[in-house]
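There are 2 protein chains.
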Amino acid sequence: MTADQAKLLLGPGPSNAHPQVLEAMSAPLIGHMDPEFLEVMADIKSMLQNAFQTENHLTFAVSAPGSAGMETCLVNLLEPGDEALICVHGVFGNRMSDIVERCGAKLIRVDAPWGKAIDPEQVKQALEQHQPKLVAIVHAETSTGVLQPMAEISKLTKDAGALLVVDAVTSFCGTELRVDEWGIDAVYSGSQKCLSAPPGLSPVSFSERAVTTILKRNSKVQSWFLDLSLVSNYWQGAKRAYHHTAPVSSMFALKQALQLVMEEGLENRYARHWEAHQLLKAGLEDLGFEFLVEEGFRLPMLNAIKLPSHINDQEVRSKLLNHYRIEIGAGLGDFAGKVWRIGLMGENARPQAVDQLLSALKEIV
Amino acid sequence: MTADQAKLLLGPGPSNAHPQVLEAMSAPLIGHMDPEFLEVMADIKSMLQNAFQTENHLTFAVSAPGSAGMETCLVNLLEPGDEALICVHGVFGNRMSDIVERCGAKLIRVDAPWGKAIDPEQVKQALEQHQPKLVAIVHAETSTGVLQPMAEISKLTKDAGALLVVDAVTSFCGTELRVDEWGIDAVYSGSQKCLSAPPGLSPVSFSERAVTTILKRNSKVQSWFLDLSLVSNYWQGAKRAYHHTAPVSSMFALKQALQLVMEEGLENRYARHWEAHQLLKAGLEDLGFEFLVEEGFRLPMLNAIKLPSHINDQEVRSKLLNHYRIEIGAGLGDFAGKVWRIGLMGENARPQAVDQLLSALKEIV
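These protein sequences, in sequence, are chains Y and L. Heads up, the numbering used here is the position in the first sequence plus 183, with the first residue counted as 1. Heads up, the numbering used here is the position in the second sequence plus 183, with the first residue counted as 1.
A few of these clues could be false.
One copy or two, it doesn't matter: identical chains are merged, so the pair holds either way.
Derived DSS-like pairs: lysine-lysine, alpha-carbon spacing no greater than 27 Å straight-line [to be verified]:
#1 Lys521 <-> Lys316
#2 Lys422 <-> Lys502
#3 Lys489 <-> Lys422
#4 Lys422 <-> Lys521
#5 Lys403 <-> Lys289
#6 Lys403 <-> Lys489
The hints are simulated quantities; they were obtained by calculation from the structure and are not laboratory data.
Bound-form chain Y, shown alone (with noise of 0.2 Å):
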């Protein structure tokens, strides 16, 4: 390996890109209200829709990573005083409950042990006892690597007339994520995981019933750089009006990472990235490692894999990155030091990834 070489990410995000993603961000600017601009923008916008699975108009990309994605969707949805249930089962969850209590709004948790899937029934415990505005809930919390699953949380959420919000940064383009089939109300994700973007963006959308609630507003949403009544504005319509200048190269990228999704189909993507776990838990568990989740709710682009005790957690992943030139992530939070993650994620979950991270180490541990 020579240090020239690329080194293969295999974190919980940025994945590598794909070449023709980062040629197309090396292109020669233009201006952000330059139609051939505009016509980037409409690009995005449809193959967003396509990869969400969903034909709601307020389909964009905000201009900052996934966690501006976040508070995109509860700024915009709560007012001082709403309610909202936050089902939290790692960092992700915590993090939309902070945000909610920014906005004011009351906080209502449900909570799961990290490593598990949040249980329907809290969900309708929770609904029982109140009537909140939103339900919120991590698809794939990267944390963990829960992969959580999402049918009777939504059919309860509708039942009790929320809106409902969904955490899709890790699973959008690499498992199965059906916005309008779900009923998901808003959902926001990253362009750095199973895109294979660069970091800095964050792929939106919202039903129409989530752009009524946001209409009927009485309160100005707190944030002016993520009013949605003010982005929109630059994202849709006729008249195209300035709002922030946007990220243009990175949009470039974002159009053609989506490109590659599009021209490989989104089944057969999925399909890729359940394939390359198989390989990966098939290799760690012949090297003796556990993995966290429970099978069935694991997440195929993001292993959590418990540490045993004899391996050095910060020892092994410096030897894996300066040495190998292969980037694992550690745990977060609570699992700081006790697990490993191990992303298989778009460019990345293939077989050769595999093979080497495997052949890594074995050599190592």
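Position chain L against the provided structure of chain Y, taking the given hints into account.
Structure of chain L alone, referenced to chain Y:
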């Protein structure tokens, strides 16, 4: 001119990026917690300190465009009930006022007619009647082309015990900006103007006094994404804490763009912007155009030109863009259809760019 040739971006930004900057951006990705990336962040910080002429520890780039930098400054420094004096002489002062209200702070406005600078006497009078926590002003009003003199207003602000917040989005790296010497407590900029990096990042810097103010807050910052008590743990300190996934590629580009600024030297760069402006001024006056702003208050990098009644705004700008592949900026807000905004920023503050525009204009009008 062929369709393949890069457009010449002489609007209000983005400006054209140097080929080395575009190349840096297309380098293979690395992780946002990789020690190699933390070094990139350290390099960016130290070059930003130089470019801002400051020793402020809390100097970094917000992972979103300039308007998020504006919001970062205001939401961190203001709490509900605080008073803020905002100087408004164009679109961006208006935007600051809007954000102040979204913070739940009390807005005190000092207005100047668009195209004029703020008169320090107005600020003086306002400070005799109010005791605001901060005074905010736009150094380079991109909507009007006005360069705001800072010395008197800075002194008045300090004497009143208020914090000074400055919008340097368009002035940064293009004309004199001395953060420490001018007593600026919070400053924000953009990557895509005189720095000639792609849009999407906002360099910011905060004085010790600003940091102390933030540490003493009684309430949480309303934005999780922009909360400096969290972001600063990622950008500084021995133990870097994950906050959000930084836009790695855009940071590569920012670093390279800052290196080009350092190689050229700030004074040389300011002089280059000034000379390009002089050349443009002479040429435009030959063609019969008049400047909107009084001499002595003109921004060298953003030239606001009155539109004679015989010129069709939309038609000429479209022709410039489509036939000559030159972008210039339309009027914004009150000035829509009445002025053009010609940017000579960063890489484009050069005689060739001026000549290219002047000869195109000669042919058209």
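Cross-check of the supplied hints:
When the C-alpha separation of Lys521 and Lys316 is checked against a cutoff of 27 Å, the pair qualifies neither within a copy, at 36 Å, nor between copies, at 46 Å. Proximity of Lys422 and Lys502 under a CA criterion of 27 Å is satisfied inter-copy only: 19 Å between copies versus 54 Å inside one chain copy. In this homomeric assembly, Lys489 and Lys422 come within 27 Å of each other (Cα to Cα) only across copies, at 24 Å, whereas the closest approach inside a single copy is 53 Å. Taking the closest pair of Cα atoms, Lys422 and Lys521 come within 27 Å of each other only across two copies (18 Å); inside a single copy the shortest separation is 53 Å, beyond that limit.
In this assembly of identical chains, the alpha carbons of Lys403 and Lys289 lie at most 27 Å apart whether taken from the same copy (18 Å) or from different copies (15 Å). For the homomeric pair Lys403 and Lys489, neither the shortest alpha-carbon distance inside one copy (45 Å) nor that between copies (35 Å) is at most 27 Å.
In this structure, the earlier hints numbered 1 and 6 are contradicted, and the remaining ones agree with it.
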